[in-house]
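Colleague: Going line by line, the protein sequences match chains A and B. Residue numbers for the first sequence follow this note's numbering, beginning at 1 and rising by one. Residue numbers for the second sequence follow this note's numbering, beginning at 1 and rising by one.
I should point out that these hints are in silico values taken from the structure, not numbers from a laboratory. There may be inaccurate statements among the hints.
[What the hints assert, rightly or not] If we take Cβ atoms under 7 Å as the criterion, some of the chain A residues that face chain B in the derived model are:
1. C63
2. L65
3. A150
[To be verified] When the alpha-carbon atoms are kept at most 27 Å apart in a straight line, the in silico DSSO-like pairs for lysine-lysine are as follows:
4. B/K43 with B/K106
5. B/K106 with A/K62
6. B/K106 with B/K89
7. A/K62 with B/K37
8. B/K106 with B/K37
Just so you know, even glycine gets a beta-carbon here, dropped at the ideal spot from N, CA and C.
Letter by letter, the chains look like this.
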Amino acid sequence: MSGAALQFDAVAGPPRVGAVAARLDSKLFGSLFQTVDVDRRLTVLEIGSALPETVDFFAQFKCRLLFVDLFSEPFVHDQADLSETELRHCFEERFRFPADTRLDLCLFWDFLSYLDDPALRAFNSALRPWLHRGSRAHGFGAHHLGIRLANVRYGVRDRETLNIRERGGRQLRTHPHSQLEMQEMLNCFAFERGLLLADGRLEMLLKPQV
Amino acid sequence: MFDKHKGSKESAPPAPEPRAPQPNPGVSTAPPANAEKTAMIGKGISITGDVRADSNLRVEGVVEGRGVQSAHDVEVAETGRVTANISAKVVRVAGEVSGDIAGSEKVVIARSGRVQGNIVAPRVQLEDGALFRGSIDMNPAPVAETRTAGAKPTALDAGAASSTLAPAVTSAAAPATGQSAATSGGEARKEPGLTLKSG
Numbered sequence: 001m002s003g004a005a006l007q008f009d010a011v012a013g014p015p016r017v018g019a020v021a022a023r024l025d026s027k028l029f030g031s032l033f034q035t036v037d038v039d040r041r042l043t044v045l046e047i048g049s050a051l052p053e054t055v056d057f058f059a060q061f062k063c064r065l066l067f068v069d070l071f072s073e074p075f076v077h078d079q080a081d082l083s084e085t086e087l088r089h090c091f092e093e094r095f096r097f098p099a100d101t102r103l104d105l106c107l108f109w110d111f112l113s114y115l116d117d118p119a120l121r122a123f124n125s126a127l128r129p130w131l132h133r134g135s136r137a138h139g140f141g142a143h144h145l146g147i148r149l150a151n152v153r154y155g156v157r158d159r160e161t162l163n164i165r166e167r168g169g170r171q172l173r174t175h176p177h178s179q180l181e182m183q184e185m186l187n188c189f190a191f192e193r194g195l196l197l198a199d200g201r202l203e204m205l206l207k208p209q210v
Numbered sequence: 001m002f003d004k005h006k007g008s009k010e011s012a013p014p015a016p017e018p019r020a021p022q023p024n025p026g027v028s029t030a031p032p033a034n035a036e037k038t039a040m041i042g043k044g045i046s047i048t049g050d051v052r053a054d055s056n057l058r059v060e061g062v063v064e065g066r067g068v069q070s071a072h073d074v075e076v077a078e079t080g081r082v083t084a085n086i087s088a089k090v091v092r093v094a095g096e097v098s099g100d101i102a103g104s105e106k107v108v109i110a111r112s113g114r115v116q117g118n119i120v121a122p123r124v125q126l127e128d129g130a131l132f133r134g135s136i137d138m139n140p141a142p143v144a145e146t147r148t149a150g151a152k153p154t155a156l157d158a159g160a161a162s163s164t165l166a167p168a169v170t171s172a173a174a175p176a177t178g179q180s181a182a183t184s185g186g187e188a189r190k191e192p193g194l195t196l197k198s199g
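Given only the sequences and the hints, what does the whole structure look like? Please build it.
Modeller: Structure, rendered in structure tokens:
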């Protein structure tokens with residue numbers, strides 16, 4: 001692997017994968033594939049570590065999967081101690097892809113709700129160069145700010161179903177953002193569709209901000 | 001009514017035996033069936049440099065270099081640790097790999113496997129418990145296109161073949177470690193079709 005090779009041991013690494021604890025029916029995840037040309041090679045960014053079912057799912061496509069497990073990055077855990085500029089540099093370092101990379105799909109899962117305001121703006125700045133007009137993203141936000149997030153990771157079982165597995169290790173502190181805040185700080189994307197979930201989360205489908 | 005088999009030794013299912021860790025179905029923990037065509041870097045062997053095999057290759061020891069290459073299969077066993085790029089037809093990792101992996105047919109990361117690098121293969125299989133960090137390129141265009149920007153050319157691209165001396169074994173130690181192909185208490189076998197090249 002090029003450049004900044006992070007050793008698993010150095011950062012505790014992603015914990016071993018827990019068993020599938022639950023499934024989540026997703027009405028929006030499948031929509032990602034309605035707007036991208038799945039016949040050409042897809043580039044997919046997942047904010048998280050690789051799970052077997054996700055790799056299996058994407059094996060049906062000609063694709064490149066980029067796994068960036070920011071959940072286990074120390075700088076994300078220590079985000080409150082860092083300036084927005086420092087955070088942006090950290091994210092840029094993790095997003096050091098080949099120069100011609102353009103992300104077709106971004107899978108954020110719950111990650112955006114673990115970023116405080118400066119970190120979310122820094123994430124937005126670092127991600128923006130890798131997007132193109134056809135990019136799409138999927139993730140979960142909050143529709144009420146008292147939400148408590150489970151410490152879980154997600155795998156893609158099929159277009160309508162996500163596997164939920166327990167995430168080992170220390171959970172990041174939650175920073176729920178309203179939809180308005182999210183739109184202001186994650187302004188490389190605009191909301192395409194949103195769906196309120198029973199647990200207080202908002203399932204989001206995002207498209208690039210024109 | 002639910003315990004009608006209770007006390008009936010004949011009809012009772014055999015008591016489950018304590019389960020040892022299950023071998024990974026995708027990764028043989030024993031040498032492949034055609035062992036005579038499998039070169040092995042045994043446990044306790046440490047090699048610094050490039051490795052090229054004309055046969056299957058099983059790594060139980062340590063390889064540090066730029067490339068491990070085989071036209072057949074490469075298996076990194078649970079005890080194996082490779083810090084190098086790997087190129088083969090099928091690559092199975094049950095140990096640790098830090099480097100890019102190119103499999104012309106398939107790459108499997110077993111549940112005990114830990115891989116940090118970029119994988120290029122038509123098919124990639126991760127098993128539950130596998131640790132992977134990097135990118136996966138499936139059903140891709142030619143492998144050379146997928147190298148990350150700024151990555152150094154590897155021995156796999158750059159003529160390691162020129163020094164292939166199969167079926168003899170050659171080795172050149174890197175002075176830095178003083179170990180290279182020398183034994184360090186482990187199994188040292190000269191394997192036909194295995195070529196070692198200093199790093």
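Colleague: Determine for every hint whether it applies to the structure shown.
Modeller: Comparing the hints with the structure gives:
{"no.": "1", "hint": "C63", "verdict": "6 Å, holds"}
{"no.": "2", "hint": "L65", "verdict": "4 Å, holds"}
{"no.": "3", "hint": "A150", "verdict": "20 Å, violated"}
{"no.": "4", "hint": "B/K43 with B/K106", "verdict": "25 Å, holds"}
{"no.": "5", "hint": "B/K106 with A/K62", "verdict": "14 Å, holds"}
{"no.": "6", "hint": "B/K106 with B/K89", "verdict": "7 Å, holds"}
{"no.": "7", "hint": "A/K62 with B/K37", "verdict": "33 Å, violated"}
{"no.": "8", "hint": "B/K106 with B/K37", "verdict": "20 Å, holds"}
This entry does not satisfy hints 3, 7, going by the numbered hints stated previously.
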